[in-house]
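Peer 1: So the chains spell out like this:
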Amino acid sequence: MAHPENTMYALSIDRVTKRYDSIVAVSQLSLVVRQGSVFGLLGPNGAGKTTTLRMVMKILIPDEGSVQVLGQPLSERTQDVIGYLPEERGLYPRMRVRDVLIFLSALKGLSQAEASRRSGEWLERLGLSPWSNMNVLDLSKGMQQKVQFIAAVLHRPQLLILDEPFSGLDPVNSLTIKDVMLELKNQGTTIILSTHRMDQVEMMCDSICLINKGRDILDGDLAEIKKSYGKNTLRIEYSGNDGFLEQPGVIERINRFGQLVEAKLFPGADPQAILKAAVERGARIRRFELVEPPLNDIFIEKVSETDA
Amino acid sequence: MRKIWLVIKREYITRVRTKGFLIATVAFPVLFIGVLVFSALIATRQTNRSLKIAILDEPGYLGTLIARNLKDKLPGASSAIEVERIYDRPGAGQDLRRDLVEQVRRGALDGFLVIPKDIVEGKAVELHTNNAGDIRLTYSMGQAVTQAIIARRLAARGIEIGNLETLLREVDLRLVKVTKEGESEEKGQTLAIAIVVTMVLYMTLLIYGVATMRSILEEKTTRMVEILVSSVRPFQLMMGKIIGIAGVAMTQYLIWAISGSVLAAFATGLLTALQPGSSVPKVHLPLSLLAYVFVFLLVGYLLYASIFSAVGAMVSNEQDMQQAQAPVTVLIVVPVVLFGFIMRNPNSTLAIILSWIPFFAPILMPLRIALQMPPLWQIAVSIILLALCTLTVVYLSARIYRVGILMYGKRPSLVEIARWLRYT
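Top line first, the protein sequences correspond to chains A and B. Heads up, the first sequence is in the working numbering, so the first residue is 1 and it goes up one at a time. Heads up, the second sequence is in the working numbering, so the first residue is 1 and it goes up one at a time.
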């Protein structure tokens, strides 16, 4: 019997396990994705992200546990309300762009006429109209990426799964895709974003699940997760000698970006000591800010904890 | 069902639209007919001209006899072979021979015949010609000389025969094929049909099976497949592809069958118009044979296309595919290798058993049916075994396919493939 509260989730995964021979790809994984949210599925390479997404797409069948989409057990119907942009993706090279889009959206249940109309609109919107009658193989890699993105959204999915949607896109195209994603979100589409780009997750995701070795190691509302770590990180922009950073007992770990450093403080350490040392040594400080740790640091910390 | 239909439609339309399909469908018969017409033209051109020969008659009594025996006529009622000159007892002089050789080189003569003195005792006759491949010339000359010699030998024993030709006329051997339906005159059409049936089955299984495999590998290497299986079940995708390609094959055969029968009717009409009274041997294709060929072709294609699909899904590149497909290709080639044996012994125990082995049945059973209708129960056993084997193979191939399409890297070992079969 379906739990009534499940209906508010776009996706709920309940104690799912998937094994390949002796390797456990996903182990007792549970997660829920609220409708209308942007959800980040994170993890190092080989953590089990793709296996999890493939199970949601019904490409793979879990050995244990269950998956529900919009409160429904997986079926051909749930497949049709999901849009999927896999990480490893490609299109028929010797098919015309428009024909590929019509074919793929027809597989999702769209009528020929509707598919044709919508693909025209989307190609126009992403600046691909002049290429709509060309073969896929005549398009640049970036253009093909955009066509693949269109293929994932053309049938107006309620749940959109995007695996590394920005890889291979230039900044202009990335911006376009990001805007489209936000627009879809505002229209009520639930988005699952799987990526290694933590900056994008921080900017776009409402909640996340971090997995490693097939297990959930951190999940929840992104803002709350960051809050729970507290403002334990110093973000300093400066010029001059960085010797002032070497204060015993203050900085636990430091991450340098050239003009900027992010330094994790020991619990209870006083950041004033750093500022004082900087002034004494004549370094010019342009920014000195106590912040929550960047997701990147949380990711690294959590993954290395579980790897150990 | 809607989804599998969409996959079939795409596979069919994208294939039929390609230049390759157009070339294969149109160019192949055009080329075939072109060769036929060309060789026919060449043949008719040749027969318009009489061949000119000279005879060097050493014994001195055979030349005129041979010339009289050359009775072949051209359509224009002139002799096919004209004897320009008979040299009566020319002696051993080499000058004459050299001169004749020169004439043959220039084209003034088509050849000359040298009859040695001891011809009646069995010494060989020599025919010097610039066209040693002209079977008509060599055959006619051989006949004429033989008849002249026989007449001479008979005369030496005191038997004079006026019309030797009547005496020597060969007996016509009329072959009559006995079948359940009755008897029909055989003019080589059984063998012709058997060859055509074998070749059609062999080519279809191989060409379209390999096409299925390539198509699957392409979807894998272009990484299209992961997008597809997010909408379609792998089994639907595989079957859609197999059926779509079968549709392409059927379209091609239909085009050939229609254009072929139209052309055959046209050619028959043309031939009767050009040569009144001549008849084209009627090739009678029994409907039952066609029906059996169709059934075995259909099930056999499903069997091999499934195996090829599994092969296409388990490899990740062209080289691995070439290696992995080799054993499958061998299975299809074996019946063709066995053609001669089956033709001579269509009802031997070995032939019966071979035509029951499901991997050979799609070619061998129709071949046996084409040669000599086997008992119905033997055909039934063959079909049942083939159908059971095909169902098993489709099931196993689908399981290999669904795992294989998502696996990249080195070619899996047999142990790994066996493990794939157990994956859920």
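Simulated from the structure, these hints should not be mistaken for lab results. Note that the coordinates shown come from a computational prediction; the quantities given were computed from them, not determined experimentally. Note that CB positions come from ideal geometry on N, CA and C, so glycine has one too. There may be inaccurate statements among the hints.
Said to hold, decoys possible - In silico DSBU-like links for lysine-lysine, alpha-carbon gap of 35 Å or less: (1) A:Lys231 x A:Lys264; (2) B:Lys410 x A:Lys213; (3) B:Lys52 x A:Lys141; (4) A:Lys58 x B:Lys9; (5) A:Lys213 x A:Lys231; (6) B:Lys117 x A:Lys58; (7) A:Lys276 x A:Lys213; (8) A:Lys185 x A:Lys227; (9) A:Lys302 x B:Lys52; (10) A:Lys302 x B:Lys9; (11) B:Lys52 x B:Lys9; (12) A:Lys227 x A:Lys276; (13) A:Lys141 x B:Lys117; (14) A:Lys231 x A:Lys302; (15) A:Lys226 x A:Lys264; (16) A:Lys227 x A:Lys141.
As the list claims (entries may be wrong) - Label pairs and their in silico Cβ distance ranges: (17) B:Arg223 x A:Asp63: 50 to 56 Å; (18) B:Gln319 x A:Pro267: 29 to 35 Å; (19) B:Ala265 x A:Glu76: 21 to 27 Å; (20) B:Val330 x A:Gly127: 28 to 34 Å; (21) B:Thr221 x A:Ser140: 18 to 24 Å; (22) B:Ser39 x A:Asn133: 44 to 50 Å; (23) B:Leu376 x A:Asp63: 55 to 61 Å; (24) A:Arg235 x B:Arg223: 52 to 58 Å.
As the list claims (entries may be wrong) - Part of the chain B face toward chain A, derived, beta carbon under 10 Å: (25) Ile13; (26) Arg174; (27) Lys177; (28) Thr179.
Peer 1: Against this structure, judge whether each hint is valid.
Peer 2: Against the structure, the hints come out as follows:
1. A:Lys231 x A:Lys264: Since the Cα atoms of Lys231 of chain A and Lys264 of chain A sit roughly 9 Å apart, the hinted pair holds (cutoff 35 Å).
2. B:Lys410 x A:Lys213: 24 Å, holds
3. B:Lys52 x A:Lys141: Between Lys52 of chain B and Lys141 of chain A the Cα gap is close to 73 Å, so the pair fails against 35 Å, i.e. violated.
4. A:Lys58 x B:Lys9: Given that 35 Å is the threshold and the Cα spacing comes to 24 Å, the pair holds.
5. A:Lys213 x A:Lys231: 29 Å, holds
6. B:Lys117 x A:Lys58: With Cα atoms ~94 Å apart, Lys117 of chain B and Lys58 of chain A exceed 35 Å; violated.
7. A:Lys276 x A:Lys213: 44 Å, violated
8. A:Lys185 x A:Lys227: With Cα atoms ~24 Å apart, Lys185 of chain A and Lys227 of chain A stay inside 35 Å; holds.
9. A:Lys302 x B:Lys52: Between Lys302 of chain A and Lys52 of chain B the Cα gap is close to 102 Å, so the pair fails against 35 Å, i.e. violated.
10. A:Lys302 x B:Lys9: Distance of about 50 Å is beyond 35 Å: violated.
11. B:Lys52 x B:Lys9: The hint is violated at about 64 Å.
12. A:Lys227 x A:Lys276: Cα-Cα ~27 Å, so holds.
13. A:Lys141 x B:Lys117: 88 Å, violated
14. A:Lys231 x A:Lys302: It holds: about 17 Å lies between the C-alpha atoms, which stays within 35 Å.
15. A:Lys226 x A:Lys264: 13 Å, holds
16. A:Lys227 x A:Lys141: 40 Å, violated
17. B:Arg223 x A:Asp63: 50 to 56 Å: With Cβ atoms ~26 Å apart, the hint is violated.
18. B:Gln319 x A:Pro267: 29 to 35 Å: Violated - the Cβ-Cβ distance for Gln319 of chain B and Pro267 of chain A, about 58 Å, lies outside 29 to 35 Å.
19. B:Ala265 x A:Glu76: 21 to 27 Å: For Ala265 of chain B and Glu76 of chain A the Cβ distance comes to about 51 Å; the hint is violated.
20. B:Val330 x A:Gly127: 28 to 34 Å: Since Val330 of chain B and Gly127 of chain A have Cβ atoms about 52 Å apart, the given range 28 to 34 Å is violated.
21. B:Thr221 x A:Ser140: 18 to 24 Å: Given range 18 to 24 Å: holds, Cβ gap about 19 Å.
22. B:Ser39 x A:Asn133: 44 to 50 Å: Since Ser39 of chain B and Asn133 of chain A have Cβ atoms about 45 Å apart, the given range 44 to 50 Å holds.
23. B:Leu376 x A:Asp63: 55 to 61 Å: 49 Å, violated
24. A:Arg235 x B:Arg223: 52 to 58 Å: 40 Å, violated
25. Ile13: Status holds, d = 9 Å.
26. Arg174: 56 Å, violated
27. Lys177: Violated - the Cβ of Lys177 of chain B stays beyond 10 Å from chain A, reaching only about 49 Å at its closest.
28. Thr179: 49 Å, violated
The earlier numbered hints that this structure contradicts are 3, 6, 7, 9, 10, 11, 13, 16, 17, 18, 19, 20, 23, 24, 26, 27 and 28.
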